[in-house]
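**Q** Residue strings, one per chain:
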Amino acid sequence: MKVAFAVWRDRIAVLFDSAGSCLIAETNGFGAPVEPLETINIPVDSCTQKVNVLTSIGVRALVCGAISKQCEAQVVSGGLELHAYVAGDITAVMHAWSTKTLLHSEYSMPGCACPRRRCMRRRGRGAGRFE
Amino acid sequence: MDSISTEAILESISDGVFTVDHDWRITSFNRAAEQITGIPREQAIGLFCSEVFKSSMCERQCPLAKTFETGKAVIDQGGFIVDLKGNKVPVSVSTALLKDSNGNVIGGAETFRDLSEIEQLKKLRARTRFGAIGSNSPAMRSVIDMLPAISKSSGTILITGETGTGKEVLARTIHQESPRKNGPFVAVNCAALPEALLESELFGYRKGAFTGADKDKAGRFALAQNGTLFLDEIADISLAMQVKLLRVLQEQEYEPLGATKSLKSNARILCATHRNLEQMVSIGTFRQDLYYRIHVIELHIPPLRERLEDLPLLAQEFLDQFNVLENRRISSIDSAVFEAFYAYDWPGNIRELENAIERAVVLCRGTSITLSDIPKEIAQDTGLSAQRNLEPSRASHSPTFTAQRDVLLEVLERNDYHIATSANELGMHRATLYRQLKRYHITLP
Numbered sequence: 001m002k003v004a005f006a007v008w009r010d011r012i013a014v015l016f017d018s019a020g021s022c023l024i025a026e027t028n029g030f031g032a033p034v035e036p037l038e039t040i041n042i043p044v045d046s047c048t049q050k051v052n053v054l055t056s057i058g059v060r061a062l063v064c065g066a067i068s069k070q071c072e073a074q075v076v077s078g079g080l081e082l083h084a085y086v087a088g089d090i091t092a093v094m095h096a097w098s099t100k101t102l103l104h105s106e107y108s109m110p111g112c113a114c115p116r117r118r119c120m121r122r123r124g125r126g127a128g129r130f131e
Numbered sequence: 001m002d003s004i005s006t007e008a009i010l011e012s013i014s015d016g017v018f019t020v021d022h023d024w025r026i027t028s029f030n031r032a033a034e035q036i037t038g039i040p041r042e043q044a045i046g047l048f049c050s051e052v053f054k055s056s057m058c059e060r061q062c063p064l065a066k067t068f069e070t071g072k073a074v075i076d077q078g079g080f081i082v083d084l085k086g087n088k089v090p091v092s093v094s095t096a097l098l099k100d101s102n103g104n105v106i107g108g109a110e111t112f113r114d115l116s117e118i119e120q121l122k123k124l125r126a127r128t129r130f131g132a133i134g135s136n137s138p139a140m141r142s143v144i145d146m147l148p149a150i151s152k153s154s155g156t157i158l159i160t161g162e163t164g165t166g167k168e169v170l171a172r173t174i175h176q177e178s179p180r181k182n183g184p185f186v187a188v189n190c191a192a193l194p195e196a197l198l199e200s201e202l203f204g205y206r207k208g209a210f211t212g213a214d215k216d217k218a219g220r221f222a223l224a225q226n227g228t229l230f231l232d233e234i235a236d237i238s239l240a241m242q243v244k245l246l247r248v249l250q251e252q253e254y255e256p257l258g259a260t261k262s263l264k265s266n267a268r269i270l271c272a273t274h275r276n277l278e279q280m281v282s283i284g285t286f287r288q289d290l291y292y293r294i295h296v297i298e299l300h301i302p303p304l305r306e307r308l309e310d311l312p313l314l315a316q317e318f319l320d321q322f323n324v325l326e327n328r329r330i331s332s333i334d335s336a337v338f339e340a341f342y343a344y345d346w347p348g349n350i351r352e353l354e355n356a357i358e359r360a361v362v363l364c365r366g367t368s369i370t371l372s373d374i375p376k377e378i379a380q381d382t383g384l385s386a387q388r389n390l391e392p393s394r395a396s397h398s399p400t401f402t403a404q405r406d407v408l409l410e411v412l413e414r415n416d417y418h419i420a421t422s423a424n425e426l427g428m429h430r431a432t433l434y435r436q437l438k439r440y441h442i443t444l445p
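Going down the list, the protein sequences come from chains Z and C. Just so you know, we're using my numbering here: the first sequence kicks off at 1 and counts up by one. Just so you know, we're using my numbering here: the second sequence kicks off at 1 and counts up by one.
Don't read these hints as lab results, they were simulated from the structure. Accuracy of the hints is not assured; some may be wrong.
Said to hold, decoys possible - With a Cα cut of at most 16 Å, we get these calculated EDC-like pairs of lysine to aspartate or glutamate: (1) Lys88(C) <-> Asp114(C); (2) Lys438(C) <-> Asp406(C); (3) Lys2(Z) <-> Asp214(C); (4) Lys69(Z) <-> Asp216(C); (5) Lys85(C) <-> Glu34(C); (6) Lys99(C) <-> Asp21(C); (7) Lys69(Z) <-> Asp214(C); (8) Lys244(C) <-> Glu255(C); (9) Lys88(C) <-> Asp45(Z); (10) Lys207(C) <-> Glu255(C); (11) Lys261(C) <-> Asp216(C); (12) Lys2(Z) <-> Glu26(Z).
For reference, chain C alone in the conformation it holds in the complex (with noise of 0.2 Å):
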């Protein structure tokens, strides 16, 4: 095949297509690497790979390095790449090494997939969606029909939720969806800061405030000027903080440290707590008229025990971005893990989720997911249900028994008692299912 002909093949393609030399400079640069990339090919020849491509891999997983010291083909590595308005671009890579007509290695080509429609597809799953967060549960759908009015609002939100729910996840979402996208988002840790440190932190100092004030710093209400401000564990905040926080929300001036004139605020302000401020406004320990002003809207969200229906959509997109990070191709989630995951309470909510996978993705020597993966607490708890199976007396009288054969009835009853439809969307395999609905006592209409 002549070059003219490899030329063309190469621009017809949709896989981006680009060859180094021995320096790491690009020496050809097809159409679609233009597109991927957002970088013209006239401007890419001659520079280093990594500062066109810049992907996660360059650094310290170079796919073409692998083939170079190797001499060995590399065949759809994963990782992804920050185009020039900052999104991460998920992409599969291949490598090669390019030789001429006597067999003399003269550099390496690198092909790669953007995988953004695959992933995109993958998130259309979830039944219903806004920005970031999916579910398929009703008990979160409340919350997610409330998000498109409340995003284009500036009203103060209170989130609420055990720890580990996602509640700043969730205050990034209503930012992004917000007209204020284009602001910054700052998030303040209210319970990491000690109270004299918090106050400086949140409305900065003016030079000489105090000993070592050397110059004037801003706090994080001036950082979050037509952005958001998303105060996490409000509830840990001090009375007298509280009548500060109060004056800021009631008239949107505050003082920095040392300051003699206010400064205004324009910054939304989003709060989330994993207490009950209502019982500490009863106990005198959260100011009432804050709690009014922070309580215009209250989103909860639910703990995963309570939206099981959720877990294979969090654990696939959990499993594709620690396959991600961790170079890793991992398929799938052994339908027992899934059993396990039912079975299990989740004290830790979704981080809890998160890190569990996380783990299981570290560990495993295979491409799927097993029981020997995940931690031991969570695991063990697949052999209590097997002995509750065998105790069906005891065990229906348990509350992780009734919640998860109210979990499969759900399922099944979406789905018209369709077998194979709810095992998908459970995550687990058919005869896994007749297994669930044996044990839990369900029968088919």
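Only chain Z is shown next, with the shape it has when bound in the complex (with noise of 0.2 Å):
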């Protein structure tokens, strides 16, 4: 499956709602190692054409920093699994992904230490699947 990274510079970026592009990488779930593929540019200001543009070229789960309810709506209705509240250099957080520690701290925006909070948000298909 694809997995997309929301991206900014060299780090995962800070808000979805405004994020302008995205790492596509192919994975086999969460837990298993992630092959990037392409960084690719999605709508800044509309996040139901964020939501097209990825579903559209085959992604199924999206990993970025904050997201607002709205918008966490549009990506929870395209049938994507969100993994949201996540900051770090993305190739720290592709290797946690792999490594399925990506709910440890570290990788925590500030104020959102507490893993079981951001578990709290990892909704949509697949949802709960990686506990």
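Quick one: dock chain against chain with the hints and give me the complex.
**A** See below:
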């Protein structure tokens, strides 16, 4: 399956609502190795269009920083598995995906240190499957 | 002033203030900043400001970066931050360079103001409001009055109205105000998907159900479990699909493609269409049993041309929204623009108004939207109005003329014929209102 990491420079983009690019990677699921494919531009202002672009290229999961409730609803409606409020260097975050350590507090945005709280934000297709 | 009194001042003000070093790491963070962001100071210090602030401006329109680049302060740049609960908090941001006693730049300072209360006050201008939906129109009152009871129930709702009237916004509002608000809101545009795809999208499929189905896929009914499923353009589904949908609505059960066992669905169903379902039933293109099943409660959203009283409110809401998105500070809309808005028929309804305001915000060079900023087909209607004014006998027969005259009379009556208050509600200057009264042959009592 394909997973999208919302990126800004070499880190996870701080806010998906205004993010402008995503690193698309191939993986067999959470805990499996991640193979980066390409970095694509996504529409900056519209969450609906962001989701449309991602689903149209077969993305099934999204890893991003902060996300508004409205945008989160669009992502979940689009059937994407959401891992939000993630922070950190993109290489480290991809490694954390493949080692199932993404819920560790070092990959949480400030104020979101409790991994359990972040679990609640993991919604959509396959939610809870990786707990 | 010594550092202790500077710190005391920073702690006492209601604006959030933080400072950063050259690496964008936070070096100080005051009490208001803690309150607005929800992040304690001890956690914020030393982190990247963007990851603490989480603002719509960070990536492309960072005011601090602008200040570092130009050496000039940025004053009141608009944007929003997202708090830890996912709420958008509108803020205005100002920045300045931070220098040591020798004048060397040692970093930057950013102050930010929470504009939530101001935005809230702006929203309260609507006479009737339910969640995100506000209105000053009597035509909308009956709809809004029903919403509290409808939101609490779990019955199926049919939302009707022309395209662009805000059927999905209404559905989202019902979900947001319902006991299911913590569950998902899943929207499906039935017209956008071919029949074969619609079935697998709605009900999902099992591995091996067809060529290419290499793993199980949950459908929208499953995704909307404990939440709300919004089926837009319900009239556009085939008769065969209508039978399958009827079964889910009746039995609360469905079978994913290739499954041998039925699954239970507890999603609340909201349907919408711009078509006349009753007529479709009479000609046999929509099943009568499904019609009665979804037509438990019907909410009809009137077209914008029948709720012109809402133009100022909607236009202002869109202006505020696009000011934030486009990082502009346009403060008003010219009364001539409103004249054009009132004269126009709005075939695309609220969506068309939204697009017109978005275009205007992008094109506007000053601080007020003028006629030249709005689409030609809307602006041209002012010219027609002026022409009609020259020919009162002909103009008085036009539906637009009558509609505008009715709006003016209604607003005046509601405000006891007080000119300033009525002009304010209509979003125009008093002098413009006097001209309108003359144009539409309205005499004050």
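**Q** Given the hint that Lys2(Z) pairs with Glu26(Z), test it: the Cα-Cα distance must not exceed 16 Å.
**A** 5 Å, holds
**Q** Please work out if Lys207(C) and Glu255(C) have their alpha carbons no farther apart than 16 Å.
**A** 13 Å, holds
**Q** Is the hinted pair Lys2(Z) and Asp214(C) satisfied, with a Cα-Cα distance of at most 16 Å?
**A** At roughly 15 Å apart (the allowed maximum being 16 Å), Asp214(C) and Lys2(Z) satisfy the hint.
**Q** Is Lys261(C) within 16 Å of Asp216(C), Cα to Cα?
**A** Holds. Lys261(C) to Asp216(C) sits at ~14 Å (cutoff 16 Å).
**Q** Lys69(Z) and Asp216(C) were given as a pair; does the straight-line alpha-carbon distance stay at or below 16 Å?
**A** 28 Å, violated
**Q** Holds or violated: are the alpha carbons of Lys85(C) and Glu34(C) at most 16 Å from each other?
**A** It holds: about 15 Å lies between the C-alpha atoms, which stays within 16 Å.
**Q** Between the alpha carbons of Lys438(C) and Asp406(C), is the straight-line distance 16 Å or under?
**A** With a Cα-Cα distance of about 14 Å, the restraint between Lys438(C) and Asp406(C) holds, given a limit of 16 Å.
**Q** Quick one, are Lys88(C) and Asp45(Z) close enough, alpha carbons at most 16 Å?
**A** 14 Å, holds
**Q** Are Lys88(C) and Asp114(C) close enough, with their CA atoms no more than 16 Å apart?
**A** 11 Å, holds
**Q** Compare the distance between the alpha carbons of Lys244(C) and Glu255(C) with 16 Å, and conclude whether the hinted pair is satisfied.
**A** Roughly 9 Å separates the two Cα atoms, so the pair holds.
**Q** Is Lys99(C) within 16 Å of Asp21(C), Cα to Cα?
**A** Measuring from Cα to Cα gives roughly 11 Å; hence the hint holds.
**Q** Given the hinted pair Lys69(Z) and Asp214(C), is their Cα-Cα distance within 16 Å?
**A** Violated. Lys69(Z) to Asp214(C) sits at ~32 Å, over the 16 Å cutoff.
Hint violations for this structure: numbers 4 and 7, all remaining hints satisfied.
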